[in-house]
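Take the given structure of chain E and dock chains V, C and Z to it, following the hints.
There are 4 protein chains.
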Amino acid sequence: MNKSRLEAFSDGVLAIIITIMVLELKVPHGSSLSALKPLVPVFMSYLLSFVYVGIYWNNHHHMMQMVKKVNGKVLWANLHLLFWLSLFPFATAWMGENHYDTWPVVIYGCIMLMAATAYFILESTLKKLHGPDSEFANTFGTSLKDTVSCLLYVIAIGGSFISSWIGIVCYILVAIIWFIPERRVEKKIA
Amino acid sequence: MNKSRLEAFSDGVLAIIITIMVLELKVPHGSSLSALKPLVPVFMSYLLSFVYVGIYWNNHHHMMQMVKKVNGKVLWANLHLLFWLSLFPFATAWMGENHYDTWPVVIYGCIMLMAATAYFILESTLKKLHGPDSEFANTFGTSLKDTVSCLLYVIAIGGSFISSWIGIVCYILVAIIWFIPERRVEKKIA
Amino acid sequence: MNKSRLEAFSDGVLAIIITIMVLELKVPHGSSLSALKPLVPVFMSYLLSFVYVGIYWNNHHHMMQMVKKVNGKVLWANLHLLFWLSLFPFATAWMGENHYDTWPVVIYGCIMLMAATAYFILESTLKKLHGPDSEFANTFGTSLKDTVSCLLYVIAIGGSFISSWIGIVCYILVAIIWFIPERRVEKKIA
Amino acid sequence: MNKSRLEAFSDGVLAIIITIMVLELKVPHGSSLSALKPLVPVFMSYLLSFVYVGIYWNNHHHMMQMVKKVNGKVLWANLHLLFWLSLFPFATAWMGENHYDTWPVVIYGCIMLMAATAYFILESTLKKLHGPDSEFANTFGTSLKDTVSCLLYVIAIGGSFISSWIGIVCYILVAIIWFIPERRVEKKIA
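Protein chains in written order, with the numbering used here: chain E, 1 to 190; chain V, 1001 to 1190; chain C, 2001 to 2190; chain Z, 3001 to 3190.
Since the hints were derived computationally from the structure, they do not count as laboratory data.
Heads up, the beta-carbon is just placed ideally off N, CA and C, and yes, glycines get one too.
Just to be clear, a hint being listed does not mean it is correct.
Pairs of lysine-lysine, DSSO-like flavour, derived with a Cα cap of 27 Å [claimed, not checked]:
#1 Lys1073/V - Lys73/E
#2 Lys3128/Z - Lys2026/C
#3 Lys2068/C - Lys1037/V
#4 Lys2068/C - Lys1069/V
#5 Lys145/E - Lys3073/Z
#6 Lys1127/V - Lys1037/V
#7 Lys2127/C - Lys1003/V
#8 Lys3128/Z - Lys2068/C
#9 Lys3128/Z - Lys3003/Z
#10 Lys3068/Z - Lys2068/C
Label-pair ranges, simulated between beta-carbon atoms [as the list claims (entries may be wrong)]:
#11 Leu3151/Z - His29/E: 30 to 38 Å
#12 Leu2023/C - Ser1004/V: 26 to 34 Å
#13 Phe3043/Z - Leu2033/C: 32 to 40 Å
#14 Ser1004/V - His29/E: 44 to 52 Å
One side of the interface only, derived from the structure: several residues of chain Z facing chain C at Cβ under 7 Å [claimed, not checked]:
#15 Leu3025
#16 Asn3059
#17 Met3063
#18 Met3066
Here chain E stands alone, though its shape is the one from the complex (with noise of 0.2 Å):
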């Protein structure tokens, strides 16, 4: 089965996902500089949550290289991820408009989990039916960013209860630390 379709596919949804973030920034009516202040939060979310759905294209472009072949369950796996990340707009806007409430951080929390764990279904999915031996399992092998990472979300998630700025900080820190890019498969490559 040819992984293209799929690739092509996840990279609409993606880019769908980016700018149809982009229309939470509502037009403001006035015409000042002021006008623009209560975007200012929702400009933030945005831009973190940019970040995010970047860092997801990259990485999902890096592990797609060393994918030799998919099946129905790749698929499914794949379809699973982009719910998730389907829900980033709606948990921007919503943690944006409410100036990083307790409830709204802690929901983006729950969906930048649920999208984590999703992608990291998909990396075994695709790890098993490329064989333990494969090139593809030797690269995508334990990680200690996701660990880290998920790490994070949950101190985010209950951290946010005791102040949103625990998880705006968690979550700032996992976008820096993925922000790198996936060396292990650009050094395969190379």
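Just chains V, C and Z now, kept in the frame of chain E:
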């Protein structure tokens, strides 16, 4: 004639349909957890339709892999399918926002039935083009799944006038029986 | 220069145009069948425009198959076509929501005429690039269809000031004469 | 690493940006020609931004043709460009709906300047990756166009505080000087 643009265009439309549906999850004004409560039925109908679009994408993907050629009739049969799929966001939102009232559930079923019919027409058009002895025609023979799901749609449409739950249960059943990928194709390709 | 990105970009824009049009089918508040009644004219104009976008996509698909090379002028001629097509959702919604009143029907026709002109310019630019003796220039000679549909648009625009029905009938006629795929190309390719 | 997905993703985002901008042309309630009058400034800003996105797509297309390889840095430089481009619909709508008032025109210019900077960073990243003696580095040398358009953006941003017209004229000038395709590349390829 080349099938790759037909695939690319269908991928594009399906990716947008899936992402447009999520726009119906309107961001609530409050920031409490209870503010999400009215969204639960809308979310459930989103989830159901997401699975449906996923099924259509998967089956379309499987079918197109066996396709050797396309012609003008195939292009239109495909557009006809996309037309009915493009009505999913409307039907999904109407059903979710009205808490699964009779008519929205009935109309949802009608659109599902039309999409299934359109898919059947596309399959038949491709079969005719490839000839009765082609690998394509042999792979996509008469399927029990097609018959059962059409029957379930009809029961759903009729039964919804007694209780919406009959409709909803039928829609979930159809989703379940199609969730299993087309093993026929995977075998052939493997 | 490579034509595949031009195709991919056009497919993307057309896929989004087709799906954005459906957003004008605003989800009604009531759940009775009569709540759908005010949507009927909007739905009819959606159906008409869906067929039009389908025709443009089909013809674009057919034309690009014969294309051997593209240059900067072709890219802009193609963007010019996409510009007019991008106004379809607006014209479609305005016409549908105003129950086919005079001016909306006239403006719809003007945008259709501009799109047809843009398509003609794209074809001519491609013909010039491929040379008068190329297979491309031979396949896409002077077409009766082009002339008739432009004439019908002009009749539609003028006639709508007498009765909107003249316009609507003309638009349906144009859709019918273009529905038949470009047999010229299919023969050449076969 | 493969450049085709980077192209596909960029095409997707640009296609959606272009089409989302048109959504700001809100369908008027009346059906008279005068109901369209308040849309004229919105339409003009849509037209301007459409040309800008077209220019970016064309230049991106030209640049990517010379690209032999991409790495993680290029993916992020490209996402950075897409981020600023994703703010075009917002800036366009704000400017159009406020009849080219000072601040909207200034912000529009700032976003244009940031997008131009992001494009420059992407070009530099690609140059560095391909090496100083590569065909890529030779083709995309120091360009007068880049300098002039950046200068014009700065004049536009400053001048808008005197009169918005200075800004608008500058934006139109930039569009005109970039409208001419990258002959450098076309020569190389031919």
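Verification of the hints:
{"no.": "1", "hint": "Lys1073/V - Lys73/E", "result": "32 Å, violated"}
{"no.": "2", "hint": "Lys3128/Z - Lys2026/C", "result": "50 Å, violated"}
{"no.": "3", "hint": "Lys2068/C - Lys1037/V", "result": "57 Å, violated"}
{"no.": "4", "hint": "Lys2068/C - Lys1069/V", "result": "20 Å, holds"}
{"no.": "5", "hint": "Lys145/E - Lys3073/Z", "result": "19 Å, holds"}
{"no.": "6", "hint": "Lys1127/V - Lys1037/V", "result": "47 Å, violated"}
{"no.": "7", "hint": "Lys2127/C - Lys1003/V", "result": "24 Å, holds"}
{"no.": "8", "hint": "Lys3128/Z - Lys2068/C", "result": "33 Å, violated"}
{"no.": "9", "hint": "Lys3128/Z - Lys3003/Z", "result": "16 Å, holds"}
{"no.": "10", "hint": "Lys3068/Z - Lys2068/C", "result": "22 Å, holds"}
{"no.": "11", "hint": "Leu3151/Z - His29/E: 30 to 38 Å", "result": "33 Å, holds"}
{"no.": "12", "hint": "Leu2023/C - Ser1004/V: 26 to 34 Å", "result": "28 Å, holds"}
{"no.": "13", "hint": "Phe3043/Z - Leu2033/C: 32 to 40 Å", "result": "38 Å, holds"}
{"no.": "14", "hint": "Ser1004/V - His29/E: 44 to 52 Å", "result": "46 Å, holds"}
{"no.": "15", "hint": "Leu3025", "result": "5 Å, holds"}
{"no.": "16", "hint": "Asn3059", "result": "10 Å, violated"}
{"no.": "17", "hint": "Met3063", "result": "12 Å, violated"}
{"no.": "18", "hint": "Met3066", "result": "11 Å, violated"}
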